[in-house]
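Given these sequences and hints, build the entire structure.
Sequence order for the protein chains is A and B.
Position 18, counted from 1, in the first sequence is what the working numbering calls 18; the numbers after and before it change by one each time, with no gaps.
Position 272, counted from 1, in the second sequence is what the working numbering calls 272; the numbers after and before it change by one each time, with no gaps.
Incorrect hints may appear among the rest.
[As the list claims (entries may be wrong)] In silico lysine-lysine, DSSO-like type, Cα no more than 30 Å apart, as pairs:
| hint | chain 1 | residue 1 | chain 2 | residue 2 |
| --- | --- | --- | --- | --- |
| 1 | B | K331 | A | K85 |
| 2 | B | K11 | B | K126 |
| 3 | B | K369 | A | K85 |
| 4 | B | K359 | A | K52 |
| 5 | B | K359 | A | K85 |
| 6 | B | K177 | B | K272 |
| 7 | B | K331 | A | K94 |
| 8 | A | K102 | B | K330 |
| 9 | B | K369 | A | K126 |
| 10 | B | K11 | A | K126 |
Honestly, the hints are just simulated from the structure, not real lab data.
Keep in mind the model is a prediction, meaning the values are calculated, not measured.
One letter stands for each residue in the lines below.
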Amino acid sequence: MSSYPADLKYTREHEWVRVDGATGIVGITDFAQQQLGDVVYVELPEVGATIKQGAVFGTIESVKAVSELFAPVSGEVLEVNSDLKDRPDHVNSKPHDTWLVKVKLTNPGETASLLDAAAYEALIAK
Amino acid sequence: MADSADAPLKKTPLHASHVALGARMVPFGGWNMPVEYSGITAEHNAVRTAAGLFDVSHMGEVEIAGKGALEAVQHISCNDASKLAVGQIQYSALTTPEGTIVDDLLVYRFGPSHFLLVINAGGIDKDVAWITARAKEAVPDVAIVNSSARYALIAIQGPKAQEILQTQTAIDLAAIKYYWFAHGEIAAVRGTVSRTGYTGEDGFEIMIPPAMAPTVWDALLQAGKPHGLIPAGLGARDTLRLEAAMRLYGNDIDETTTVLEAGLSWMVGWNKPEFIGSDVLHEQKLHGTPKVIVGFEMVDRAIGRHGHPVFHNGQQVGVVTSGTQTPFLKKAIGMAYVPPSLEAPGTEIEIDIRGRRAKAVVVPLPFYKRPK
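Here you go:
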């Protein structure tokens, strides 16, 4: 079964964030990739754009479905994972190691509203 | 959908097999169906390179029999059923008086006066009511039976399909030509095998009694394993049929699209007697249609999907009916209705994808043609 790393924080919309100092590293969960199926395309903001906690910051498409990405934290986009252009399937094969964007956190306190691994696992077990 | 949202989902006779195989199950046309087992990409590519096994028991069957059966089929459907020999199949459509499509279907000629129509799962109730009412207005003396519950349908598709299926049947499969069928035993179960499918690949569809469906399914799964056969769900079925540019009822064709607009004039019996909608279709053949279906390929990195508006020179000119990133061709492709002035391959169009205009280009259909 899948395991949810304890050093990540999770949204109810199935994104995760790893806080590394002032940087937030954002991806989608194993549960999310299972629900989506084979990911073929990820549309992400440009470097320099700002994203806002709870707001849509991109879309992710599988063969079958389109899903919106909700920002787990607010911040300015520092880096976008360009590997995803050629290997969007990495979101499926290693969801918790495949990041989408890195942001400079504008409100680090926000992470308090996110779920820890145990709470997230309880959510998806429902 | 004919079924209300509250109605319990129907299960095919292979439901337990799908669950045991770990399929992800989804509602489709009132049925609880497997959308994928190992993943759409893997299943799609297995069908293109080896073989895939599909449960399509949700499809409906209607039998028309009696002295007036041929006349009834001729009246309600647009292809020329008089050209069918016993043992032969044709693709056709139930047409409205406006030349639009009630459903698309396969017509099997079981006997001189016995036809079996294979119809879409979502339209069984609607189709049976339509067929009964419209056939009887032309031919009062004909029996029309909804025999959907009497048949399970399994499709084995892919370049290895014949080799695998041949291990389970004494029917000489090589002798069955494309769009012909034969009766016989498959895994010791009495049934009907046709060389048909919805994937653009060589393959067969097998009609058997529902109670025996797990026997046949398991036998083919086992026999196929060494050849690379895997179970495949509705997700791969959709991407496969789209690469082959086969129309999907409810997406690409419906009661607002005529047979000609849908690019299916090859399945109209132009020389047969009058049938429902024939005057409109003859008129459109002569004078053209206001819209026409085209294939497109995305130029920008994006995927045009069902319902996305199509633009040309800043004006909305049409709408996407199907679209996806295809696992085998590895391109974003789709079909859309546009004015005939834009149907030439090479024409540049734009597709509005969630508010952003993405460039696409019209390309010839089908996107994929299997190597002979």
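Hint check:
Using a Cα cut-off of 30 Å, the hinted pair K331 of chain B and K85 of chain A holds, with the two alpha carbons roughly 13 Å apart. Annotation: proposed proximity of K11 of chain B to K126 of chain B holds, straight-line Cα distance about 20 Å (limit 30 Å). About 27 Å separates the Cα atoms of K369 of chain B and K85 of chain A, which keeps this hinted pair within 30 Å; it holds. Distance check on the hinted pair: K359 of chain B and K52 of chain A sit about 29 Å apart at the alpha-carbon level, within 30 Å; holds.
At most 30 Å may separate the alpha-carbon atoms for a hinted pair to count; K359 of chain B and K85 of chain A meet this at roughly 18 Å. As the CA atoms of K177 of chain B and K272 of chain B are separated by approximately 24 Å, the hinted pair is consistent with the 30 Å bound. The straight-line distance between the Cα atoms of K331 of chain B and K94 of chain A is roughly 23 Å, inside the 30 Å bound, and the hint therefore holds. Between K102 of chain A and K330 of chain B, the direct Cα distance comes to roughly 28 Å. Compliance with the 30 Å bound is thereby established for this hinted pair.
Only pairs whose Cα atoms come within 30 Å are accepted, and K369 of chain B paired with K126 of chain A is rejected, the gap being roughly 45 Å. Straight-line distance between C-alpha atoms of K11 of chain B and K126 of chain A comes to about 24 Å, which keeps the hinted pair within the 30 Å bound.
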